[in-house]
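A.B. asks: Given the sequences, and given the hints that come with them, work out the whole structure.
Residue numbers (my numbering): 1 to 118.
Among the hints, a few may not be true.
[What the hints assert, rightly or not] Only pairs whose alpha carbons sit at most 35 angstroms apart, straight line, appear in this in silico DSBU-like list of lysine-lysine:
1. LYS48 / LYS11
2. LYS11 / LYS25
3. LYS106 / LYS40
4. LYS25 / LYS106
5. LYS25 / LYS48
6. LYS40 / LYS11
[Unchecked claim] Distance windows between CB atoms, simulated:
7. LEU22 / SER79: 37 to 43 angstroms
8. LYS25 / ARG104: 35 to 41 angstroms
9. LEU37 / GLN117: 22 to 28 angstroms
10. LYS25 / GLN80: 42 to 48 angstroms
11. ALA17 / THR64: 16 to 22 angstroms
12. THR43 / SER9: 24 to 30 angstroms
13. GLN3 / ARG28: 20 to 26 angstroms
14. LYS106 / SER9: 22 to 28 angstroms
15. LEU113 / GLY26: 20 to 26 angstroms
16. MET21 / GLY93: 36 to 42 angstroms
17. MET21 / PHE95: 34 to 40 angstroms
18. MET1 / ARG24: 17 to 23 angstroms
Treat the hints as calculated values from the structure; they're not laboratory data.
Beta carbons: idealized from backbone N, C-alpha and C, even for Gly.
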Amino acid sequence: MIQGTASNSGKSLIVAALCRMLTRKGYRVAPFKAHNLSDKSYTTAQGKIIGSAQYIQAYGCGATVSELLNPVLISLAGSQTRFIINGEVVHTGPFSDYSRLVPRMKEAITGSLHTLQE
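C.D. replies: Have a look at this one:
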């Protein structure tokens with residue numbers, strides 16, 4: 001687990017480097033960020049939306065770029081919030097709608113992690 005005290009402190013870059021290093025040593029790895037709050041996103045070849053950092057990390061270790069790597073992405077745009085679950089915008093509205101979506105987010109996170117572990 002990589003942790004930091006602030007956004008933009010280099011956590012994603014360190015994960016990308018670790019993924020690359022472990023891949024070169026012969027391990028099968030995939031980056032996983034269960035819940036991401038970012039305005040920077042990437043659309044996969046399958047049309048799914050994930051955080052751009054997870055795309056860079058996946059690319060760095062040769063993992064398939066997939067919504068499994070970032071099952072919950074929340075993007076703030078002014079007074080509106082886009083809630084992206086499993087790569088698809090499921091709700092756009094005020095951030096206060098977050099608690100209503102928690103059960104769906106937990107299910108997506110658990111399912112993605114289980115699939116990646118297999």
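A.B. asks: Would you check the hint for LYS106 and LYS40, treating anything up to 35 angstroms between C-alpha atoms as holding?
C.D. replies: OK: LYS106 and LYS40 at ~22 angstroms, within 35 angstroms.
A.B. asks: Given a hint of 42 to 48 angstroms, does the C-beta separation of LYS25 and GLN80 actually sit inside it?
C.D. replies: Between LYS25 and GLN80, where Cβ atoms are some 44 angstroms apart, the hint holds.
A.B. asks: Between the beta carbons of MET21 and GLY93, is the distance compatible with 36 to 42 angstroms?
C.D. replies: holds, 41 angstroms
A.B. asks: Quick one: are MET1 and ARG24 within 17 to 23 angstroms, going by C-beta?
C.D. replies: Once the Cβ atoms are compared, 21 angstroms apart, the range 17 to 23 angstroms for ARG24 and MET1 holds.
A.B. asks: Does 20 to 26 angstroms hold as the CB distance between LEU113 and GLY26, or does it fail?
C.D. replies: holds, 23 angstroms
A.B. asks: Does 34 to 40 angstroms hold as the CB distance between MET21 and PHE95, or does it fail?
C.D. replies: holds, 37 angstroms
A.B. asks: In this structure, is the beta-carbon distance linking THR43 and SER9 contained in 24 to 30 angstroms?
C.D. replies: Because 26 angstroms falls inside the window, the suggested range holds.
A.B. asks: Should the hint that LYS106 and SER9 are 22 to 28 angstroms apart at their CB atoms be regarded as holding?
C.D. replies: This hint holds: roughly 26 angstroms between Cβ atoms.
A.B. asks: Please work out if LYS25 and LYS106 have their alpha carbons no farther apart than 35 angstroms.
C.D. replies: holds, 33 angstroms
A.B. asks: Would you check the hint for LYS25 and LYS48, treating anything up to 35 angstroms between C-alpha atoms as holding?
C.D. replies: holds, 30 angstroms
A.B. asks: Using the Cβ atoms, figure out if LEU37 sits within 22 to 28 angstroms of GLN117.
C.D. replies: holds, 24 angstroms
A.B. asks: Under the criterion that the straight-line Cα-Cα distance not exceed 35 angstroms, is the pair LYS48, LYS11 satisfied?
C.D. replies: OK: LYS48 and LYS11 at ~23 angstroms, within 35 angstroms.
When each numbered hint is compared with the structure, no violation occurs for any of them.
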